[in-house]
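Chemist: Heads up: the sequence lines are chains A, B and C, in that order.
All residue numbers for the first sequence refer to my numbering, where the first residue is 1 and numbers rise by one.
All residue numbers for the second sequence refer to my numbering, where the first residue is 449 and numbers rise by one.
All residue numbers for the third sequence refer to my numbering, where the first residue is 1235 and numbers rise by one.
Some hints could be false.
To be verified - Covered by chain A, according to a simulated footprint, are these stretches of chain C (three or more residues, beta-carbon under 8 Å):
id	region
1	1268-1274
2	1306-1317
3	1330-1337
4	1350-1356
5	1367-1373
6	1443-1455
What the hints assert, rightly or not - Covered by chain B, per the in silico footprint, the following chain C stretches (three or more residues, Cβ under 8 Å):
id	region
7	1285-1293
8	1388-1400
9	1425-1438
Since the hints were derived computationally from the structure, they do not count as laboratory data.
Every residue, glycine too, gets a C-beta built ideally from N, C-alpha and C.
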Amino acid sequence: MRQAVREKLARMSNDEQILLRPLVETSRSFYIVAGLLAAVTLWGMFAYYLQVTYGLGRTGLNRPSYWGIYIICFVFFIGISHAGTLISAILRVSKAEWRRSITRSAELITVLVIGFGAIQPIIDLGRPDRVLNVIFNAQLRSPLLWDVTSIGLYFISCTIYLYVPMLPDLAIIRDSGIKAPRLYRFLAAGYRDTPAQRARLERVIGVLSIIVIPIAVSVHTVIGWIFAMTLRPMWHSTIFGPYFVMGAIYSGIAAILVAMVVLRRAFGLQQYFKDIHFDYLGRLLLLFSLLWFYFTFAEYLTAFYGGEPGEMRAFWAKLTGPFAIPFWTMVLGCFIIPLSLMSRRSMRTPRGTLIAGIAVMIGMWLERFNIVVPTSVNPRWEIESIGQYLPSWVELSIMAATFSGFTLLYMLATKFVPIVSIWEIKEGREHSVREVADRVAEYLPESA
Amino acid sequence: MSPSRREFLWTMGAAAATVALKGAQDVFWESDESLDVGWAPGIEERRNSTCLICPSRCGIRGRLVDGRLIRINGNPLHPLSRGGLCPRGVAGVQLLYHPERLAGPLVRSGPRGSGQWETVTREQALERIAEQLGSLRAAGRPEGLALLAGYSAGTMQDLWRQFLHNFGSSNYVADEYEDGTEAVMAVMHGIDRRPSYDLDRARLVLSFGAPLFESWWSPLQAFVAFANPDAEEESGPRFVQIDTRFSRTASRAHEWVGVRPGTHAVLALGIAYVLIRDELIDADFVARHVAGFEDFVDAQGQPREGYRSLVMRNYRTEEVSAITGVPVARITALARAVAANRPAVAVCGTDVAFAPNGLLAGLAVHSINVLMGSVNRPGGVLFADDAPVGPLTSPVLDETARAGVGRGPIGTQRPVFGSGGEALRFAAAVAGAEAPIEALLLYYANPIASSTDPSVWHEALEKIPFVVSFSPFLDDTARYADVVLPDLLPYERWQDAPTPTSYPYPVWGLARPLVEPHEGAMHTGDVVLDLARRLGGSVAASLPYESFEGLLKERTRGLFAVRRGMTLGGQFEREHHRQMEERGWWLPEHTDFEAFWDELVERGGWTDLFYDHTDPYRIAQTDSGRIELMPAKLLSALAEEGSELRPYLDVATQTAADSTEFSLRLIPYRVSTLASGTLSLERWLAEQPGIFPDVLWHPWVEVAPETAHALGLSDDTLVWVVAPRGRYRARLKVFPGTAPETVCAPYGLRQPDGEPANPLRLLDSTNDPLTGLPSWSSTFVRLEQA
Amino acid sequence: MARWGMVIDLDRCTGCAACEVACKSENNVAAVSVEQADMGRASSWMKVMAHVEGEFPDTTMHFYPRPCMHCDNPPCIRVCPVQATYIDDEGIVGQIYARCIGCRYCANACPYMVKYFNWYGPEWSEAERQHLNPDVSVRPAGVIEKCTFCHHRLQKAREDARAEGRELREEDYQPACVDVCPTNAIIFGDLDNPSHAVHTLKDDPRVLRLMEDLGTQPKVYYLRPRD
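The shape of chain A in the complex, shown without the other chains (with noise of 0.2 Å):
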């Protein structure tokens, strides 16, 4: 770090010179992971490279399996991407002030994983040179297209709603001059920080919060609909639509959990991610799971009750045929594991959340997998053959890439924004404290 840097740093606030560090400040080790993490997605590129000049043979998928992996990673990313938008604004529509210090890093991983998320289609796309069809022929009655124009609706909302909560401390950063000045000139927009900017600035986050609630839930509702639209075992179900949106908040739930424990530790913020918060997810983490066991015990139940053959072949190979293994584990990751672990209280601490949070993502991986292959591969004709699904390597290692490529550059765009929004938390110092004690007055009758 120059020594100008350091100078102009030392002489902010104590949150501004913690949460600006990361801006000026790399490790060796940042270097070394940021690199391991380059390569690999190099790696998933190359193996794309190969998908699209020899066709989607060099993946695993056949007939009967015709999706696979892609589609799997595809709901797995946009799932996550509930973690930010959704969860920061429920939370900033509640006025939960403990939102504070993590709503940044959760609005930052929504919008990097829809990318990420919203590729995979295209991936998996036999003719990827002809994606713009979807637009020049566009056929409104598939879900495919709907899916299209929601994904595409709530990048641009979660953009935005990542973006305009930024501005105060984009303009902290330009005004500090301790980095990029020409391009902090150009995003902070010529924020000030007037108060009647600021007024104006919390009207449009206030409205952003709101609008941004019914356009996530629909994203996952769509993408639900994407397989409870076709008439396939397992598939053809009306809970599809919510039973995705609360796995989706799950996974997202869990996705922050993770990374605020990795950030955490790697940036030095436990004033910041303080043990209530990991305790106060880890109490949405339990209700999550509560929830998730309720919408799968109610989805296999319809299944098994109605005993339709055609849903039983898929039911019975998921409990206890060749998808045992998935599901079971599925049921230990998504609901055996987070409820043990946060329903005690000495476990909502960041190891216990951290745990939770990762047995949780497997699970949901895992309950995607379970919705989109054993139905694949047991076609609804009882005579046709029970079909099998390997994935090649070359799909693994885009798998790999993306997972790669997602946490490469939420790395990188820890060194450009504070992952903890600055001015959100000296708000929370200068008026909040005031704020809650007068409402929580107002919730009280009038002391006699």
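Use these hints to put chains B and C onto chain A, whose structure you have.
Modeler: The following block gives chains B and C in isolation, referenced to the frame of chain A:
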């Protein structure tokens, strides 16, 4: 003026983007360009011909565009196939345009089997063969020449026989599909000919292990009878399949009777028992045409039990039920159905004849036809004529030839009846060095792949100094040849294609070139004529034909002159001709031979759909003039051999395994789509070899669910099929139709690397001593996870 | 307007698979390598399926030749995002190979599993190209292909009929599988034309349609076995 940094970056960026886009475009559009097969509007034509892929010889109609064969369809004028075709026939385009087809004649340049070849011209190859054959004759050893020929009924067979005869050799060795029925007919009727089955007019077809819908002489004949496409109402016969294996035929027959392995004939005699007991037999026919039904006194003056006593005493339904596993009520019902649905015809298949006592089993099965009078009657067993084509020029033998022929064919032990297992006996004789064969010609024979014992063939080929193959592909045996002179493929050559004897009417189908012949190949018929010319002398004089096409045309004059029959025609024409001939009429339709020939070529052949049911010689030509249920020839042969076997008593094969090590009975069967080793080369066929939609390309074996469970093997496991003689790899398919304790193994398949996966190689070397046919049902195997 | 449909008599089908091979030959359906076939990537627009019931010796087996059902209410065309699969005025469901983006949604939506994907480009050797049917386009890599009821034959038959100044007859337009069937198990024609055999057969008491309860209204009818 130097560009600013920003301008420079912009320019570089734009250039990089252009290159990237161009690259992406190349990647995507390259695949489209490679699909341009240069199509332009072409001239479309349809030509009739005959399919030469299997013995059925169905009529085909090729669709040609600009001289390329695009599609093969059925020829609706053909009386046997009536426009239908089997998958092998349809896939013929892939045979014709096969990438592995030989580009031209080859001469071996390295050691045998080394795969080192030199490409030569046809002239060089012919010269080489002629030189070798000439030296044999010069040395006075013409019998050192042998021909191993696959199914080639018709003029090609006649030509080869005449050539060998004139050359001075009697070693025409047949390596073809057999079903043992000609021996049964020879013994009982004294008629040395395979029977015909009038399936079209039968009301009940009782098939004893005959794969009618799969790999019989003519599946199409069975299909046409089954579906009766000409009839307004469905009135085809009732098909009853008696078989151990739940085959495609069994599944689609109206009724399947699952019998224990090797007990088909016992069930036949059980049916005969009920027929006799309930007085349902055609007593009048038996009284007029049959001998040996009642007890009799034999030539030595010994009193012998007749058919009736043997059956009544030994085949009570309860006993038959205990042996065959078929319930008593079912046996009775079968017999009643036979009696109620006359004419009923019993068809004897390979599963019956390919057994240690196959001939006796065959007699038992055929005896039902005799009891029911289903011989020489509509809907029964008939003895058809051959098409009356003109003969070849009469052979003239010179001194050398006469001496060679006089020394007879090679191999000493021949079976008493029929000529089963001829090829393997020949190979064993050559390998055993008792037979100095110096030149072997292979015509549509690939014994290394198809034989039950390829090691004997390997030894035999070692001993033969000069081997010539006429295969269009470098098949397993051609690899060991010295010269390969590829024949033209069926759609490029002239050949006559008489329907198999299973069809009751002579049909002389004509195959003609549909496309331009391949320049690297040569019609083997022309090769024979050319060799004869090169050899000169009497060999040439006996075959004075310009070309094979000319020879065929010459023989066709016989059909023109015979004043019966017709060129192939539609349903109306066929019926018209038949009815006219039944009334003794025949109207000439062609004034000159050329017009007749042109029409015959255009329509695809000649047929005569009239059968004379009044001819007594079509019932029996035995010494007694009757059908002999207790054939004198057979009894004396058995006595001479000192055999313990007794007709109608020893008809079942051993029914249980005698060792615990090998406890599963092997039931080999022929897959309809891939009946010979060479044809698995066609990719479309390899994608649909059997009834399992998920088995493509790979060899498989079928076992019952309980058997698989007992062995701890699950569906789709790769297993070794192990027999005392060897083993091979196959995929296990659990199939509920398979009898417990059996392994049904299709043959004709190959491993993906081309190695034959032939269950016939596992067979124990038991033969029927009377016919020489191998036993297919007496081998036991075990399965091991691979 | 015609409404083309097919009736398949399960009593007559012997499972010989001539229809399958004829279809591949007529429509230039490429065979795939052994490895690809093992992965389940072989295409067969017409596929003979075997339905086995019971154990030895009381087993029964019926063969269901399965082409595209050409549903009147096809689930595949609704889900296609780019209008690459369509149903025409005469009820034939087709695929526009040049527009398909290869998302395989239609393949997943089809309960009959009759949409086939080109995982790689077709492999035709120089020799094999000789037998390609010039009436049918060869599909590139990455698109879905399917049975068309040999639509090219209809176009040809129509042109011929027009040239001869007459109505299209029943026998003028028959798909390749129907043409070749040795037991006449497959009958084809205009379901709405009383002079066509399928018109009466479709009301036969033996009629069954696959997964009729899904409301897809398939135009391929099966005549169930009599026993």
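Chemist: Tell me the hint numbers this structure goes against, listed in increasing order.
Modeler: 5, 8, 9
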